[in-house]
Structure formats: C-alpha cells, structure tokens
Amino acid sequence: MSFAEAIRESRSGPRVRRHKMSTTEKREAKLGLAFISPWLIGFSIFYLIPMIASLVISFFDFDLANPDEAAFNGLDNWKRMLFDDPNTWKSLWITVRFGLISLPIWMASAFLLAVLLNSLNLVGRNIFRTAFFAPSLVPFVASALIWGQVLNSQTGWVNRIIEWFGIPAVGLDGIRWLDDPTLIPVTFTFIGIWGIGNAILINLAGLQGIPTALHEAAQIDGAGWWRRLRSISLPMVTPVIFYNLVLGVVALLQYFLPPFVLNGTTGYPEGATNFFMIYFYQQAFDFSQMGYGAALAWLLFFFGLAVTILLFGTQKYWVYYAAGD
Amino acid sequence: MATTTSREQRDALAREPEWKIRARRRTLLMKMGTTALAAALLAVFLMPMAYAFVTSAKTAEQASDPAAPILPSEPATFEYEGKEAPILLVPIDGETRELALVSPGRQQSEFVDPANPEAGTFVWEGNWRQLEPVRQSSWAWENYSEAWNFISFPRLLYWTLLYAFVTMVGAVGSSAFVAYGFSRFRFPGRSVLFIVLIGTIILPPAVVLIPRYTFFTAIDWTGTWLPLIVPLMFGNAYNVFLLRQYFMTIPREMEQAASVDGAGPLRTFLQVILPQAVPAVTAVSLFHFFFAWNDFFEPLIYLAGNRDIVPISVGLSFFSGTYEQNPNLIMAASFIALVIPLVIFFFSQRIFLSGIVVSGAEK
Numbered sequence: 001m002s003f004a005e006a007i008r009e010s011r012s013g014p015r016v017r018r019h020k021m022s023t024t025e026k027r028e029a030k031l032g033l034a035f036i037s038p039w040l041i042g043f044s045i046f047y048l049i050p051m052i053a054s055l056v057i058s059f060f061d062f063d064l065a066n067p068d069e070a071a072f073n074g075l076d077n078w079k080r081m082l083f084d085d086p087n088t089w090k091s092l093w094i095t096v097r098f099g100l101i102s103l104p105i106w107m108a109s110a111f112l113l114a115v116l117l118n119s120l121n122l123v124g125r126n127i128f129r130t131a132f133f134a135p136s137l138v139p140f141v142a143s144a145l146i147w148g149q150v151l152n153s154q155t156g157w158v159n160r161i162i163e164w165f166g167i168p169a170v171g172l173d174g175i176r177w178l179d180d181p182t183l184i185p186v187t188f189t190f191i192g193i194w195g196i197g198n199a200i201l202i203n204l205a206g207l208q209g210i211p212t213a214l215h216e217a218a219q220i221d222g223a224g225w226w227r228r229l230r231s232i233s234l235p236m237v238t239p240v241i242f243y244n245l246v247l248g249v250v251a252l253l254q255y256f257l258p259p260f261v262l263n264g265t266t267g268y269p270e271g272a273t274n275f276f277m278i279y280f281y282q283q284a285f286d287f288s289q290m291g292y293g294a295a296l297a298w299l300l301f302f303f304g305l306a307v308t309i310l311l312f313g314t315q316k317y318w319v320y321y322a323a324g325d
Numbered sequence: 001m002a003t004t005t006s007r008e009q010r011d012a013l014a015r016e017p018e019w020k021i022r023a024r025r026r027t028l029l030m031k032m033g034t035t036a037l038a039a040a041l042l043a044v045f046l047m048p049m050a051y052a053f054v055t056s057a058k059t060a061e062q063a064s065d066p067a068a069p070i071l072p073s074e075p076a077t078f079e080y081e082g083k084e085a086p087i088l089l090v091p092i093d094g095e096t097r098e099l100a101l102v103s104p105g106r107q108q109s110e111f112v113d114p115a116n117p118e119a120g121t122f123v124w125e126g127n128w129r130q131l132e133p134v135r136q137s138s139w140a141w142e143n144y145s146e147a148w149n150f151i152s153f154p155r156l157l158y159w160t161l162l163y164a165f166v167t168m169v170g171a172v173g174s175s176a177f178v179a180y181g182f183s184r185f186r187f188p189g190r191s192v193l194f195i196v197l198i199g200t201i202i203l204p205p206a207v208v209l210i211p212r213y214t215f216f217t218a219i220d221w222t223g224t225w226l227p228l229i230v231p232l233m234f235g236n237a238y239n240v241f242l243l244r245q246y247f248m249t250i251p252r253e254m255e256q257a258a259s260v261d262g263a264g265p266l267r268t269f270l271q272v273i274l275p276q277a278v279p280a281v282t283a284v285s286l287f288h289f290f291f292a293w294n295d296f297f298e299p300l301i302y303l304a305g306n307r308d309i310v311p312i313s314v315g316l317s318f319f320s321g322t323y324e325q326n327p328n329l330i331m332a333a334s335f336i337a338l339v340i341p342l343v344i345f346f347f348s349q350r351i352f353l354s355g356i357v358v359s360g361a362e363k
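If you're matching them up, the sequences are chains A and B in order.
Position 222, counted from 1, in the first sequence is what my numbering calls 222; the numbers after and before it change by one each time, with no gaps.
Position 357, counted from 1, in the second sequence is what my numbering calls 357; the numbers after and before it change by one each time, with no gaps.
No lab work stands behind these hints, which were simulated from the structure alone.
Be a bit skeptical, because a hint or two may be false.
[As the list claims (entries may be wrong)] Distance windows between CB atoms, simulated:
hint	chain 1	residue 1	chain 2	residue 2	range
1	A	K316	B	P69	51 to 59 Å
2	B	M254	A	W89	54 to 62 Å
3	B	I219	A	W89	34 to 42 Å
4	A	T130	B	K31	17 to 25 Å
5	A	G124	B	Q325	40 to 48 Å
6	B	P205	A	T182	24 to 32 Å
7	A	K316	B	A39	34 to 42 Å
8	B	N306	A	A131	34 to 42 Å
9	B	M254	A	S231	39 to 47 Å
10	A	W318	B	W19	22 to 30 Å
11	B	R135	A	A108	37 to 45 Å
12	B	D65	A	V123	51 to 59 Å
13	A	Y320	B	L37	25 to 33 Å
[Unchecked claim] Some chain B residues flagged as far from chain A (calculated, every beta-carbon gap over 12 Å):
hint	residue
14	P17
15	P114
16	Q130
17	W148
18	W159
19	L162
20	A179
21	P211
22	S285
23	G355
Keep in mind it's a predicted model, so treat the numbers as computed, not measured.
Every residue, glycine too, gets a C-beta built ideally from N, C-alpha and C.
Please construct the entire structure, taking both the sequences and the accompanying hints into account.
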C-alpha cells in the first residue's frame, strides 16, 4: 500500500542523529521547515486549533444563533448522544449497514472489471478503460439525480429492464427502489456504482504489476483461468484491495451527498436515509445545535479511528506483501 | 473454397497441424466472447446516461408517464383544410392503416388518408376512442434552454470556474512547496509530521467543521467564498503525497548542478525541479479541478445565506428541489453540468489516469 509504504520509507534512510547538528544539517533542517511551513501554518489554524475547539464546544450548550448564551453543560451532550438519543445509534447503524452491503459490492465489481479490462482477449482495451472510467467524473449531484430517476419505480428504466425477465417491477406495487426502506441500502449501492472508476484503475495497475512469470509457471503446471485468478491475481492485488478498502471506509463514514440530494434531511422513506452525516448536518446546521453537533463529529472520529485500526490489524491475515517487506 | 485457393496456400494449410488451427479458432472465440461481455457490461453501466439523455428531451408529461414510449415522441397530426387532425391506426378490410381523424363521431367517424388527401374523406364505422394514436419522434430541445436559464447557468459556471482555478493555483502551488520540503530535506520530526499529514486524509471533516464555521461566522466570512478558498491555500495531504512521490524520482544531481551554478534553494525548486515535475503537477491540478467542480458539502454550508454565488453542484441540487415535477428539466440540467468535466477528461486522459495509478499502485 502506497501511503503506508511512503510513511515507512520516510522513517528509514539516514536518520537525523541525536548529536548536535552540524551547520549544514541545521541549514538543511531550516530549509525543510521553511518549505513545509505553509502546511504547518494551515494545519495549526485549520486542523489543530479547530480540533481542540471542537472538543471544547462539545461540552457546551452552544446555539450559533445566540452565541452569547453559550453555557457549559459538562457531559450533557455526550450523555444525551450516547444514552438518550436513539437517533445517534440508528443513524450510525444505517451508515454501517450500508457500508457492509455497498463496499463489498463496489470493491468486487472494481476488481472483476479490472480483470476484464486487463484481459489480453479484450479487443479495444483502451477504449473500454476510458468508457468504464468516464462516469466517475460525472458530478456527484448529477449522478445522484440521474440514478434517482432511472431507479424510479414507475418511469425508470431499471424496472423496465427487470420486466424483460418476466418479473413484475414497474408501478406502485412493483419494486420501489426509492420508497421501500428495506431496499434503500441496495438502491444507494446502485447510485454509487459510477464512483468505482478510481478503484478499477488502481486494481488494474495492481494486476499489471504481477510478474508474468507467475502466470506462465502456473499455466505450465496446468492451472486454469479460474485457478490463476483465485490463487495468483487475487492474492497479489490484496495490497491494492486493502488500500481501496481503507479509503472506501473513510469515504463511507462521510456519506452525505446522494441521500441529501435525493431526500434532504427528511430521512425518507421512514428514516432509512438518515445516515450519520445527514443527522449531524441536521443537528448542527438545521437546528443550530453546535455543541451537540461537535459531540456527534467526535463520535464519528472515534468510530472511524477504531475501524481503521481494526482494518490495519487484520492486514496480516489476508494482505499479501511481496518479499522485501 | 478448395478450388479457389492457390497451390502455395493449400500447401501452407496442409503443413499447419490441426491443433494449431484449432488453437487459433479458440483464441478468436475467446476474443469475441470477452469483448462481447465487456460491451454488454458497459451497456448496463452506461444505461442511466442514455436514460438521462432521452428523458432530457421529453416533455414533462411524457417524462412522468410510465406508459410513454422510450424515445421522445408526440402524437402525429395531419393538417387537413386548416385543421390539425390526429393520425390514428385504423383497421380497415383486414389491414391497419394510418389515417387522420377529420371529424370524430360516436358510432362512425370521418377519416382522410394523409398520403392521399385529394381522395377526400371517408367514413369508418366504430368508436375512434379505441384506436391507437400514431406517434412521431419529437425531441424537446427547448428543455435545455429552459434549464440553462432557470438555474442561471452562466452565473453558476462563473463561480465554479473561479473557485476551481483560484484554489487550483493556490492548493497545487502550496502543496508543491510542502512536498518538496518533505522529499528533499532532513529535519527533526519529519516522519511524525508526514504521518500527521497523511492522517488528515482519514480525519472526518466534520470534526473541524463546527469551530471553523463558528470562526468564519464570527469574522463575517460565511456567505462569501473566503471560507472555501483560504484553507486550501496551505497545501493538502493528497496533493502533497502525490507530488512528493514524484519529486523522489527526480535525481538529486539536478539540484547539485544547480547549486554549483550558484542558484539558491528557492530558485532551484522553481526553475529546476518544478519544470521537471510538469506531468505530476498537471495530474494533481486536474484532480483538484474535478474536486472543486464536485465540492458540495462545504459550499452548501458556507454559502447557505447567499444563493446568488453557489457553484454548479449546489445550484443543481436547489434546482432539483424546485423542479421535482419536471424530471425532464432536471435531466437536462444534469447533462449541462456533466459535459464540461467529461470533455476535459477526454482531452487529458493519459495524464489523468497515470496520476490516479501513482496514488494507489505499489511503487
């Protein structure tokens, strides 16, 4: 994985020794800090201080409309969030459940499409690669609106196509993708499928990085297409899949745009689109409860951190790093 | 066949063993199969695009009518003696003819043949209401001008492009400095700072949003573009990471030669390293452009009080809220919004795609 690798390698190499720095070393350090100073300043102003402030705000009853009436209320926001407000856990569960359904589908589609686009038997590979990637550049709002309509139970084409297979789908008692709460995770998985372009390309690069000798040796040993896919291609791209998974989880916890564009903060149908960020937005910006919003944001942060650490912990069981690691 | 092949060809065929011919045939079949599969999947993948395009050229009634034909159309009419007569499918003498209904009646109606109006009208017995109308293709392109004007597209475009370009220069420029600092100089705490930098990718923006919003409200910046532009002027993790990866591949001899020539570090960076990194800088600039074009959450929040200066993404979502009853106009507006990014992508494919690969592939 490239980020991890970059970090590892930034640590290795000649370390800055503990001894007193020589004049040239001092000069080098000063220059380095000068070059990164824009980020140091930006990080302090726009990340470090706001993070501290956000933690502080989470202990206040703070309504931005009446900033003067802000009052310290101790752990009230946290207590309410964790124990008294069922919507906290409900919206977190909606987000997590959606991730459990959508991420495997998106990642498997990206991997399988990459395998197809890497096939030597595919005529016009570059054209296909471009065509499969292009939809991921459709502005997300436009893509949510387009998918929202194509999944419309009465006028959308998805149901019309399903009817070709003899399954009644069109109409008010057909498949109501956008109105049936139990279908919502699947519906939004469809809505996001145009976003897998990056993952396809990264998988593709991973597949191209597999030494051809591996496939050739397996072929001589009589391994068929499926066997090679399962025993060579898949293990060899697990670092790429891991990378996609981490970024996918990060993006998923911030899932906001498609449900907001289609349903605002109404949670329609029956609260099924009340994702965590939608709930956060509603509390902080519709209801102007900044203190409670800050607490919600921190919950999301801790939850995301826990999931990320967990994922890194599982790495050794399934991610294969080639020799030299 | 055999009679038309020349002697040499026949010999060549005879020399080619049977298994080789079969293998070639198999390869051909595999190629056709794989390509057909890819084409079928692509058709499914892009189907919503076709839907959006077709719907964008329908009238509102058709777009919301489940029984309407796939392609935009309207009932066909025929002008007869100054009147518009609808053309219907009429069964006559065992065949179905397309005839214009001139004078409808309950038991019998008068029709004229549009292909031969000189023959005059004739009477058909039966209820004309049970006849199917003939439809003719009709694309409502005026939807585009209506959507364009209603969302004030030029204004949205102006603000989006302004935002995209200003922040592109600022974010990529500052990121290049930071990336150079991380890639070339040793200083205490470098690896920790780099981990912190990468860590900001995983940090949910919500955590810093509320204090930022409070602060920007306090200094009266909400309702302007400043809260969106200023934080991007200090480098961001993703850009820094990509540029740093690229700078690492530039040989240090380049800098040594420059410093022998008496150039200071700043001049070396601007005149030697940056020109070497044009492909990476271009890729990162393109990423940033698409990010800015798509940016939704923060513009939604910071520009909430000032609808006149929202970018395309937010404008489009407002539009869809107002025009819920007009799916055709929403599709037309969506199409207008997606054309520019796609056109830019098609012209910059190679640089763009290689940039994505740098970010995710193993070095």
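Violated hints - listed by number, lowest first = 10, 12, 20, 21, 23
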